[in-house]
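From just these sequences and the hints, can you work out the full model?
There are 4 protein chains.
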Amino acid sequence: MIIVMRAGATQTQIENIVTRIEKDGFTAHLSDGSERTVIGVIGDDRPMDRRTYEIMDGVEKSVQVLQPFKLVSRDFQEHDSIVRVNGVEFGSIGVGIIAGPCSVEDRTQMLETAHAVKEAGAQALRGGAFKPRSSPYSFQGLGEKGLQILAEAREQTGLPVVTEIMTPEQLPLVTQYTDVLQIGARNMQNYELLKTVGRSIHPVLLKRGMMATLEELLMSAEYILAEGNRNVILCERGIRTFETYTRNTTDINAVPVLKSLTHLPVILDPSHGVGKWNFVTPVALAGIAAGADGLIVEVHPKPEEALSDGGQSLLPERFADLVQKARAIATTIGRE
Amino acid sequence: MIIVMRAGATQTQIENIVTRIEKDGFTAHLSDGSERTVIGVIGDDRPMDRRTYEIMDGVEKSVQVLQPFKLVSRDFQEHDSIVRVNGVEFGSIGVGIIAGPCSVEDRTQMLETAHAVKEAGAQALRGGAFKPRSSPYSFQGLGEKGLQILAEAREQTGLPVVTEIMTPEQLPLVTQYTDVLQIGARNMQNYELLKTVGRSIHPVLLKRGMMATLEELLMSAEYILAEGNRNVILCERGIRTFETYTRNTTDINAVPVLKSLTHLPVILDPSHGVGKWNFVTPVALAGIAAGADGLIVEVHPKPEEALSDGGQSLLPERFADLVQKARAIATTIGRE
Amino acid sequence: MIIVMRAGATQTQIENIVTRIEKDGFTAHLSDGSERTVIGVIGDDRPMDRRTYEIMDGVEKSVQVLQPFKLVSRDFQEHDSIVRVNGVEFGSIGVGIIAGPCSVEDRTQMLETAHAVKEAGAQALRGGAFKPRSSPYSFQGLGEKGLQILAEAREQTGLPVVTEIMTPEQLPLVTQYTDVLQIGARNMQNYELLKTVGRSIHPVLLKRGMMATLEELLMSAEYILAEGNRNVILCERGIRTFETYTRNTTDINAVPVLKSLTHLPVILDPSHGVGKWNFVTPVALAGIAAGADGLIVEVHPKPEEALSDGGQSLLPERFADLVQKARAIATTIGRE
Amino acid sequence: MIIVMRAGATQTQIENIVTRIEKDGFTAHLSDGSERTVIGVIGDDRPMDRRTYEIMDGVEKSVQVLQPFKLVSRDFQEHDSIVRVNGVEFGSIGVGIIAGPCSVEDRTQMLETAHAVKEAGAQALRGGAFKPRSSPYSFQGLGEKGLQILAEAREQTGLPVVTEIMTPEQLPLVTQYTDVLQIGARNMQNYELLKTVGRSIHPVLLKRGMMATLEELLMSAEYILAEGNRNVILCERGIRTFETYTRNTTDINAVPVLKSLTHLPVILDPSHGVGKWNFVTPVALAGIAAGADGLIVEVHPKPEEALSDGGQSLLPERFADLVQKARAIATTIGRE
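Chains as they are written, first to last, in the working numbering: chain Z, 1 to 336; chain H, 1 to 336; chain G, 1 to 336; chain B, 1 to 336.
The hints are simulated quantities; they were obtained by calculation from the structure and are not laboratory data.
Take these hints with a grain of salt, some might be off.
Unchecked claim - Here are the simulated BS3-like pairs of lysine-lysine, each with C-alpha atoms no more than 27 Å apart in a straight line:
(1) B/K195 x B/K70
(2) H/K302 x Z/K61
(3) G/K145 x G/K325
(4) G/K70 x Z/K61
(5) G/K70 x H/K325
(6) Z/K302 x H/K302
(7) B/K325 x Z/K325
(8) B/K325 x B/K302
(9) Z/K195 x H/K145
(10) Z/K23 x Z/K61
(11) Z/K70 x G/K61
(12) G/K302 x B/K23
(13) Z/K302 x H/K23
To be verified - To be clear about the criterion: a stretch of chain G counts as covered by chain B if any three or more of its residues have a C-beta under 8 Å from a C-beta of chain B, and this derived list gives those stretches:
(14) 124 to 135
(15) 160 to 174
(16) 217 to 231
Said to hold, decoys possible - To be clear about the criterion: a stretch of chain H counts as covered by chain Z if any three or more of its residues have a C-beta under 8 Å from a C-beta of chain Z, and this derived list gives those stretches:
(17) 36 to 49
(18) 157 to 171
(19) 178 to 192
(20) 257 to 271
(21) 280 to 294
All C-beta atoms in this analysis are idealised placements derived from N, C-alpha and C, irrespective of residue type, glycine included.
Quick look at the structure:
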């Protein structure tokens with residue numbers, strides 16, 4: 001941390017800061033600039049709230065030097081982590097593609113979709129049994145019944161299953177039936193839930209909150225790793241901006257930036273990122289071109305009858321086309 | 001809902017929409033404009049996802065007509081709701097002021113602050129025992145020990161206590177010791193938690209998520225009311241924008257807008273809204289002038305030693321000054 | 001400026017940075033932290049682009065220490081600047097209120113409004129003759145004819161006139177008829193225009209861009225002061241955020257923050273800030289309570305017939321009520 | 001336009017709206033819903049400010065039905081427009097790549113860069129002679145001297161030149177030396193400037209403002225087309241969001257969305273979109289994969305000595321690598 005003093009800060013004010021820094025267990029290092037004195041805090045000050053110093057007399061501002069995350073950073077581990085899900089690898093040279101409906105609606109819909117996405121080239125299956133919906137009057141998911149259907153789809157197709165977990169107490173239930181625990185965007189900072197999945201051995205798909213910075217996403221991943229679970233896949237799924245034509249704004253920058261900051265695999269969700277099916281394929285391809293380790297795509301055999309997110313779901317045949325193009329681009333940039 | 005067809009939509013496409021509307025249990029009403037056909041959906045279409053229609057052939061967009069919330073709206077109840085907390089009223093002619101530290105740190109700090117804010121004119125006490133922190137390495141709160149200290153502060157001062165609940169299973173514990181259940185900004189869309197407090201009889205202080213629209217805030221309140229608990233106080237606490245000089249951007253517009261849309265009381269949290277103690281008082285006064293039913297303010301006897309949010313905490317004497325000015329402005333605009 | 005090296009930066013990389021700093025005319029000051037080396041740049045590095053250092057090998061990031069603005073800052077001038085407009089003072093103990101229609105539409109409308117706002121207590125008149133409109137098909141203003149009507153309104157009422165200037169070459173024309181040059185939000189970073197009004201002796205009302213940071217607003221004011229014109233009034237008029245219920249989000253924090261950073265007067269435009277007439281008065285009062293030096297409010301005798309911004313214009317009698325309440329709150333917080 | 005009445009709107013209020021609609025020259029079409037009356041406005045109401053109706057008694061809100069832009073829309077012209085610049089086509093099957101330094105700094109730098117980008121495969125040259133800078137103390141460009149150097153670079157390499165125009169009166173000067181008129185992001189809503197280039201015969205490169213919606217970008221293009229100049233290339237260059245790790249957030253969604261709304265060519269500026277050279281190539285490739293008609297990339301032979309934007313400039317050899325990969329991806333998705 002660096003503490004910038006106001007122009008005209010007194011000697012006493014500076015000494016008070018130094019005393020406080022030493023009391024907190026760090027070493028202070030002074031630097032007199034032409035207009036400001038700057039004080040460096042030497043030591044691992046990650047647990048400190050830097051704003052604490054800002055309220056002391058004579059301080060103009062404080063600046064963080066160390067990245068607040070550790071275990072997820074490239075400083076901690078330089079080489080890429082590979083997360084394995086029943087034989088599918090995320091973070092290695094290949095590109096992993098997850099697909100399926102937003103929600104499990106009934107057995108027929110789910111099984112039909114599962115077979116269709118497998119045939120189209122998906123390597124894992126998605127489907128929500130517990131659905132966070134902004135309205136209490138909307139479809140809230142089938143619950144355990146939905147998990148059972150997912151398990152059946154897995155058995156029939158051999159595809160591993162990704163599904164959302166919404167509360168800590170759902171862990172035993174969800175892991176009984178499925179393979180990857182998805183933390184949804186709205187729960188990215190539900191810390192009890194993060195700690196719970198951190199104590200599991202199941203891979204976790206952690207979605208970026210729609211208004212979370214990349215640093216906050218990495219801090220949430222840090223919660224999971226700090227509990228012992230290193231099998232975390234990060235997912236960019238669009239952020240909220242002033243633009244209203246699309247549902248969210250896909251932060252394509254996030255893909256290379258995250259890859260540079262962390263060793264964890266990074267995938268893209270173009271379906272939520274753009275929110276309209278006719279723009280999903282171009283945005284998915286953009287993600288692969290930008291270096292994403294995979295995709296998670298909403299597919300529905302009858303989008304206009306979907307109970308949720310029909311508007312952004314691809315028909316299976318369009319998804320097949322997406323997979324083919326995505327793999328071609330992956331090859332072009334030297335992936336498998 | 002209104003469905004706008006593309007220029008050049010065919011008769012068949014229009015008929016398909018009408019058929020679908022009728023299948024969904026509504027009546028369709030056509031209107032041929034100069035360049036577009038517009039189809040009105042007649043009936044209570046709140047549970048429908050309007051994007052479902054957008055994927056049908058020939059549709060350009062759909063527009064929501066009905067507000068998605070019901071129980072919280074002024075249409076449902078025209079007069080102001082008053083939420084009573086041990087004799088303090090939120091939503092009536094007076095202005096309710098809640099104050100205290102961000103976190104309960106130890107018995108001495110909490111009791112000292114409780115007495116100080118009471119003397120300064122606060123009518124309720126705040127203090128966190130369970131703390132959602134973006135870093136796993138930061139202070140996470142005292143847990144039940146913190147609740148016990150809060151209960152002692154309540155006993156000594158007579159002030160009712162507001163504290164945050166982070167998971168559904170904490171409900172029995174938290175309500176054993178405290179009066180008002182706070183749902184923090186990060187949990188505004190933690191639907192299981194909303195349903196849980198909705199089944200409680202305790203008043204709920206629902207903070208707006210830093211990324212939530214006013215409509216989403218009202219939908220989250222709707223979750224609580226739909227479960228039977230009508231004692232909900234809404235709290236504007238700043239939203240995330242591109243401006244980085246302040247911690248958040250206090251959405252002062254939200255105060256009169258919420259008061260027009262809902263009968264629930266609306267209070268302001270200037271401490272999180274601006275994030276630096278020296279700007280807290282002007283923003284608090286702005287809230288009262290804009291019509292807020294109350295304030296929730298962070299106060300700490302030694303901000304520079306606070307374990308969290310010291311930078312935005314007021315010293316008790318500065319808080320006393322805030323209370324005096326806030327009450328003067330309240331009187332000026334015809335409140336008590 | 002401070003330069004933070006990557007973990008593991010080599011001695012050679014550090015030396016290269018030091019060499020470059022010295023070549024740029026500054027002194028380097030090294031500080032070895034526990035995990036990172038930090039290099040301070042001593043000297044007035046304001047004209048440097050700090051990102052230039054970021055591309056050198058081994059650098060993680062750079063951090064600005066000095067505020068980039070000078071003449072507008074409290075460091076440069078501690079006491080408040082007072083901008084005088086025909087006897088009205090902005091920045092002194094009083095609160096200056098400017099009012100009038102969005103656009104000059106015709107002689108009758110403008111004169112009627114001018115008399116009405118004067119009677120209601122306004123001290124200056126606003127009205128646009130040149131209108132920046134997002135659509136080429138919308139009313140673009142009366143041009144010189146509008147300026148002539150404004151001059152007549154000034155003559156009849158004695159109120160000084162504020163009007164927008166859109167291009168450098170309009171300066172002679174606009175100053176022939178009016179008193180204060182308004183730079184609109186869309187032109188806040190039209191640097192040729194800023195330089196032009198900076199060479200004028202007329203007071204300037206500089207509106208914050210709808211997506212400009214406070215620092216950028218101050219830098220734009222710096223352009224004007226750097227050319228010699230110190231009579232600049234800053235105006236917060238709402239920023240663009242994800243919230244769509246209101247036209248903009250009034251950044252109420254901006255009022256006390258700007259007052260702390262600069263000696264220039266700061267006023268609030270609640271009409272654009274909230275965008276709906278029924279919320280204008282509460283937001284205006286919030287501005288006064290937060291410490292604004294004045295207000296600029298849209299008033300129209302027949303809002304439903306206005307050619308622009310009718311939706312956010314107050315009727316004269318509602319504006320009179322606003323003035324009365326604003327003055328009462330000003331008195332309450334110790335202003336005149 | 002559609003006007004939604006409040007629940008409980010009276011018959012008289014509805015009649016007043018109808019009368020007003022007819023007075024404005026349109027036809028009204030009523031639709032009684034279960035809870036709300038909805039009134040359709042039949043006719044080309046583009047020039048109307050829809051908020052005008054919102055202030056009439058009994059109105060809850062109004063909704064725009066027609067897209068506000070006309071000449072730029074796919075409704076007006078279904079097939080792609082091709083903008084030709086000295087033999088280079090933007091909007092046809094190929095991908096046009098523009099490259100060069102942020103600013104023209106001196107003759108040597110500019111000529112060296114011009115030859116280098118040509119060799120690397122660029123088809124047009126960029127370079128700023130007039131520079132909009134947020135600080136009055138930063139390098140402001142070489143002015144006419146810079147234009148002369150650009151003309152020399154064009155002569156030596158045969159590459160057409162793109163350069164920024166900042167005020168209407170610069171038109172004769174800029175067109176004397178260069179080929180494409182760039183409107184910078186800060187000037188996207190400088191309407192006098194838009195009208196001026198609209199009356200020119202030179203192709204225009206219109207950059208999206210960092211705070212502009214796609215609709216606003218299209219409306220600004222409409223200004224140019226409405227004056228007669230149809231040679232407009234749109235450029236996505238990143239928008240401002242809450243994320244601060246990158247300079248801007250590249251709105252990759254904008255590429256396919258704009259292509260669906262307008263017939264004009266759409267290119268991407270990854271340099272400003274991400275703001276750090278090491279992320280420029282992945283973002284550029286993402287743009288091509290998403291369907292962009294071209295790229296504009298900042299290249300500098302000695303980025304660490306650049307007077308502006310060095311941090312986001314590629315070395316010529318890295319740019320050559322980008323071009324090669326971009327062309328490979330273009331081929332993969334069926335372009336040339």
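Is Z/K195 close enough to H/K145, meaning Cα to Cα at most 27 Å?
-> The given pair, whose Cα atoms are some 21 Å apart, holds under the 27 Å limit.
Would you say the region 280 to 294 of chain H counts as covered by chain Z, given the rule of at least 3 residues with C-beta under 8 Å?
-> violated (count 0)
Between Z/K23 and Z/K61, does the CA-CA distance stay at or below 27 Å?
-> Judged against 27 Å, a Cα distance of about 20 Å means the pair holds.
Is the Cα-Cα distance between H/K302 and Z/K61 27 Å or less?
-> holds, 19 Å
With a cut-off of 27 Å on the C-alpha distance, tell me whether G/K145 and G/K325 pass.
-> Violated: G/K145 and G/K325 sit about 35 Å apart, past 27 Å.
Do the alpha carbons of B/K195 and B/K70 lie within 27 Å of each other, as the hint requires?
-> At roughly 16 Å apart (the allowed maximum being 27 Å), B/K70 and B/K195 satisfy the hint.
Mind checking, does the region 217 to 231 of chain G have 3 or more residues with a CB under 8 Å from chain B?
-> Since three or more residues must qualify, the claim that chain B covers the region 217 to 231 of chain G holds, with 5 doing so at under 8 Å.
Distance restraint between Z/K302 and H/K302, which requires alpha-carbon spacing of 27 Å or less | Given that 27 Å is the threshold and the Cα spacing comes to 61 Å, the pair is violated.
Proximity test - 8 Å, beta-carbon atoms, the region 124 to 135 of chain G to chain B, at least three hits = holds (count 4)
Decide if the proposed pair is consistent with the structure: Z/K302 and H/K23, CA atoms, cutoff 27 Å inclusive.
-> The given pair, whose Cα atoms are some 15 Å apart, holds under the 27 Å limit.
Satisfaction of hint between G/K61 and Z/K70, Cα-Cα up to 27 Å | Status holds; Cα separation ~17 Å.
Would you check chain B against the region 160 to 174 of chain G, counting CB to CB pairs closer than 8 Å, and say if three or more residues qualify?
-> Contact hint for the region 160 to 174 of chain G vs chain B: holds, 4 residues under 8 Å.
Of the numbered hints listed earlier, those contradicted by the structure are 3, 5, 6, 20 and 21.
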